[in-house]
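**Student:** Chains as they are written, first to last, in our numbering: chain A, 1 to 265; chain B, 1 to 74.
Worth double-checking, as some hints may not be accurate.
[Claimed, not checked] For lysine to any residue, the following SDA-like pairs were computed, each having C-alpha atoms within a straight-line distance of at most 25 Å: (1) 192(A) to 71(B); (2) 135(A) to 64(B); (3) 135(A) to 18(B); (4) 192(A) to 27(B); (5) 24(B) to 190(A); (6) 192(A) to 23(B); (7) 24(B) to 127(A); (8) 192(A) to 37(B); (9) 24(B) to 97(A); (10) 135(A) to 12(B); (11) 192(A) to 64(B); (12) 24(B) to 226(A); (13) 192(A) to 16(B); (14) 98(A) to 13(B); (15) 24(B) to 142(A); (16) 192(A) to 232(A); (17) 24(B) to 247(A); (18) 135(A) to 59(B); (19) 98(A) to 6(B); (20) 98(A) to 69(B); (21) 24(B) to 143(A); (22) 24(B) to 167(A); (23) 24(B) to 94(A); (24) 24(B) to 78(A); (25) 24(B) to 74(A); (26) 98(A) to 3(B); (27) 192(A) to 3(B); (28) 192(A) to 59(B); (29) 192(A) to 20(B); (30) 24(B) to 70(A); (31) 135(A) to 6(B); (32) 98(A) to 22(B); (33) 24(B) to 194(A); (34) 192(A) to 6(B); (35) 135(A) to 69(B).
If you're looking for bench data, these hints aren't it; they were derived computationally from the structure.
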Amino acid sequence: MSAGVALGLVAATFVASFVEFVEALTIVLAMGVTRGWRSALAGTAAAALALAAFTAVAGYAIATWLPESLLRLVIGGLLLVFGLQWLRKAILRSSGLKALHDEEETFAAQAAAAEQAGRRMAFGLDWFSFVVSFKGVFLEGAEVVFIVLTFGQNARNIPVAAAAAAAAGFVVVVAGIVVQGPLARVPENTLKYVVGLMLTTFGTFWSVEGLGIARPGGESLTWPGGDLMLPVVLLAWLALSRLLIRTAPTLATPTPVTASQAKES
Amino acid sequence: MIAVRFVRAFLRFWYDFVIGDDWKIATSVAVVLVTGALLAHNTHLPDGATAVLLGLALLAAFVVEFAIDTRHRR
Chain A
1 MSAGVALGLV
11 AATFVASFVE
21 FVEALTIVLA
31 MGVTRGWRSA
41 LAGTAAAALA
51 LAAFTAVAGY
61 AIATWLPESL
71 LRLVIGGLLL
81 VFGLQWLRKA
91 ILRSSGLKAL
101 HDEEETFAAQ
111 AAAAEQAGRR
121 MAFGLDWFSF
131 VVSFKGVFLE
141 GAEVVFIVLT
151 FGQNARNIPV
161 AAAAAAAAGF
171 VVVVAGIVVQ
181 GPLARVPENT
191 LKYVVGLMLT
201 TFGTFWSVEG
211 LGIARPGGES
221 LTWPGGDLML
231 PVVLLAWLAL
241 SRLLIRTAPT
251 LATPTPVTAS
261 QAKES
Chain B
1 MIAVRFVRAF
11 LRFWYDFVIG
21 DDWKIATSVA
31 VVLVTGALLA
41 HNTHLPDGAT
51 AVLLGLALLA
61 AFVVEFAIDT
71 RHRR
C-alpha cells in the first residue's frame, strides 16, 4: 500500500467515523439528559456488543469467501453507492435545495420525543431510552464498521482503518463529555461532503478494478498509473460536484414538497 | 414470529443501507458496472482505456441521476 493510499485510508475512515459518532452521540445524549443515563448507556453498551459480533462475522466473511477481484467489485460497488448518496445530499445542501443538517435541531426533536414517550420498564431499564440508544448507536456504528472493513480490507490494512475509527470515537466521546451537549459546532455538512467525495473516489477506483472478474482469468483491471490515478479520480468527482452545486438551482423547478422528500430532510 | 421480525429488520437495514433515499443511485451504479463487466468480458481494450471509460461512465450516470432528482426540487 502506497503512502498516499494509507493517508487517504486514515483520513477517510477518521472523518467518516467522526461524523457517524457525532450523530450517535446526539441520540444518546438526548436519551440520557431527558430520561436518565442508566438505560441510555445500557443501550449504547448493548449496541457496542452487537456491533462487535457483526464486525467479527462480516470481517471473516469478507476476508475468506471472496476472491480478490470480486471482493474489489462488491466492496467498491457498495462504497460507491454509499458515497454517492452522501455526495448527492452534500450537493443538494450546498446548493440550497435541502436543509442543512443541524445537531441541535436533531437533539431537540429527540429530546421532545423522549419527554412525550410513556415509561415502560423491562429488565429494570427504561425500555424507550434503551431501544432508541441501541438503535441509534447500532445503525450509526454499522456504517462505521462498513467503512472500516471495506477500506481496510481493500487497502489490506484493517488495523490502521480500525485505529482511525477508534480515534474518531475517542475524540467525539471526550468532546461530548467536555461540551455536555450535542456537538453543534462541528462543521458536519462540510465533513459529509468530504466523506462523500472520498467514499466515491475509492468506490470508483476499486469497483472498476474489480470488473476484471468478468475477464478470462479474473484478474483485476489496472488503472493507468496505478494508485497515482486516485487523486485524479478525486479531482474529477470534486470538479463535477462543484459544477453541480452551481447548476443545481437552475435545474430545479418549483413543485410542492412530497411526503418522502419532507421525510428525507 | 421473532425470526420473521428479525429477517424483516435485517432486509430493511440493508435496503436503507444500499438503496437509501434515492433508488436511482444504486440503479445507475449497477447499470454502469454490469455494462463494464460485459465490456471487460467481450472486448480486448487495454486495461487503462477500459478503466478510464468506466470511470467517465460513472460520472455521467451520476449527472443524469442528479438532473432527474433535481428537476422537482425547490
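**Student:** Work down the list of hints and note, for each, if the structure agrees.
**Tutor:** Each hint, compared with the structure:
Taking the CA atoms of residue 192(A) and residue 71(B), the gap is near 23 Å; set against the 25 Å cutoff, the hint holds. With a CA separation close to 34 Å, the supplied pair residue 135(A) and residue 64(B) exceeds the 25 Å bound. Distance check on the hinted pair: residue 135(A) and residue 18(B) sit about 18 Å apart at the alpha-carbon level, within 25 Å; holds. For a cut-off of 25 Å, the pair hint linking residue 192(A) to residue 27(B) stands: about 22 Å separates their Cα positions.
Proposed proximity of residue 24(B) and residue 190(A) is supported: the alpha carbons are some 24 Å apart, at most 25 Å. Using a Cα cut-off of 25 Å, the hinted pair residue 192(A) and residue 23(B) holds, with the two alpha carbons roughly 20 Å apart. A threshold of 25 Å between alpha carbons decides the hint, and for residue 24(B) with residue 127(A) the separation of about 37 Å lies outside it, so the pair is violated. For the hint linking residue 192(A) to residue 37(B), the alpha-carbon distance of about 31 Å lies beyond 25 Å, and the restraint is violated.
The hinted pair formed by residue 24(B) and residue 97(A) meets the criterion: a straight-line CA distance of about 18 Å does not exceed 25 Å. In summary, the hint linking residue 135(A) to residue 12(B) is supported, as the alpha carbons are separated by about 13 Å, within the 25 Å threshold. Taken as a hint, the residue 192(A) and residue 64(B) pair is honoured in the structure, with Cα atoms around 22 Å apart against an allowance of 25 Å. A threshold of 25 Å between alpha carbons decides the hint, and for residue 24(B) with residue 226(A) the separation of about 30 Å lies outside it, so the pair is violated.
Distance hint between residue 192(A) and residue 16(B) is fulfilled; the C-alpha atoms sit about 18 Å from each other, no more than 25 Å. Restraint check for residue 98(A) and residue 13(B): the C-alpha separation of about 24 Å stays at or below 25 Å, so the hint holds. Distance restraint check for residue 24(B) and residue 142(A): the Cα-Cα separation of roughly 23 Å lies within the 25 Å cut-off, and the hinted pair is therefore satisfied. The hinted pair formed by residue 192(A) and residue 232(A) meets the criterion: a straight-line CA distance of about 20 Å does not exceed 25 Å.
Using a Cα cut-off of 25 Å, the hinted pair residue 24(B) and residue 247(A) holds, with the two alpha carbons roughly 20 Å apart. Distance hint between residue 135(A) and residue 59(B) is unfulfilled; the C-alpha atoms sit about 34 Å from each other, more than 25 Å. Of the supplied pair hints, the one linking residue 98(A) and residue 6(B) is violated, its CA atoms being roughly 33 Å apart against a limit of 25 Å. Between residue 98(A) and residue 69(B), the direct Cα distance comes to roughly 12 Å. Compliance with the 25 Å bound is thereby established for this hinted pair.
Our distance criterion of 25 Å between C-alpha atoms is met by residue 24(B) and residue 143(A), whose separation comes to about 21 Å. Restraint check for residue 24(B) and residue 167(A): the C-alpha separation of about 34 Å exceeds 25 Å, so the hint is violated. The straight-line distance between the Cα atoms of residue 24(B) and residue 94(A) is roughly 20 Å, inside the 25 Å bound, and the hint therefore holds. A distance of roughly 14 Å separates the Cα atoms of residue 24(B) and residue 78(A); the hinted pair therefore holds under the 25 Å criterion.
Simply put, residue 24(B) and residue 74(A) have alpha-carbon atoms about 18 Å apart, close enough for the 25 Å limit, and the pair holds. At most 25 Å may separate the alpha-carbon atoms for a hinted pair to count; residue 98(A) and residue 3(B) exceed this at roughly 38 Å. Under the criterion of a C-alpha separation no larger than 25 Å, the hint pairing residue 192(A) with residue 3(B) is inconsistent with the structure, at around 35 Å. Note on residue 192(A) and residue 59(B): the hinted pairing holds, with a Cα-Cα distance of about 19 Å set against a maximum of 25 Å.
Among the hinted pairs, residue 192(A) with residue 20(B) is consistent with the structure: their alpha-carbon atoms are about 16 Å apart, no more than 25 Å. For the proposed pair residue 24(B) and residue 70(A), the alpha carbon gap of about 23 Å is at most 25 Å, so the pair holds. Only pairs whose Cα atoms come within 25 Å are accepted, and residue 135(A) paired with residue 6(B) is accepted, the gap being roughly 14 Å. With a CA separation close to 14 Å, the supplied pair residue 98(A) and residue 22(B) stays within the 25 Å bound.
For the hint linking residue 24(B) to residue 194(A), the alpha-carbon distance of about 22 Å falls within 25 Å, and the restraint holds. At most 25 Å may separate the alpha-carbon atoms for a hinted pair to count; residue 192(A) and residue 6(B) exceed this at roughly 31 Å. This hinted pair does not check out: residue 135(A) and residue 69(B) have alpha carbons roughly 29 Å apart, beyond 25 Å.
The structure fails to meet hints 2, 7, 8, 12, 18, 19, 22, 26, 27, 34, 35 from the earlier list, while all remaining hints are met.
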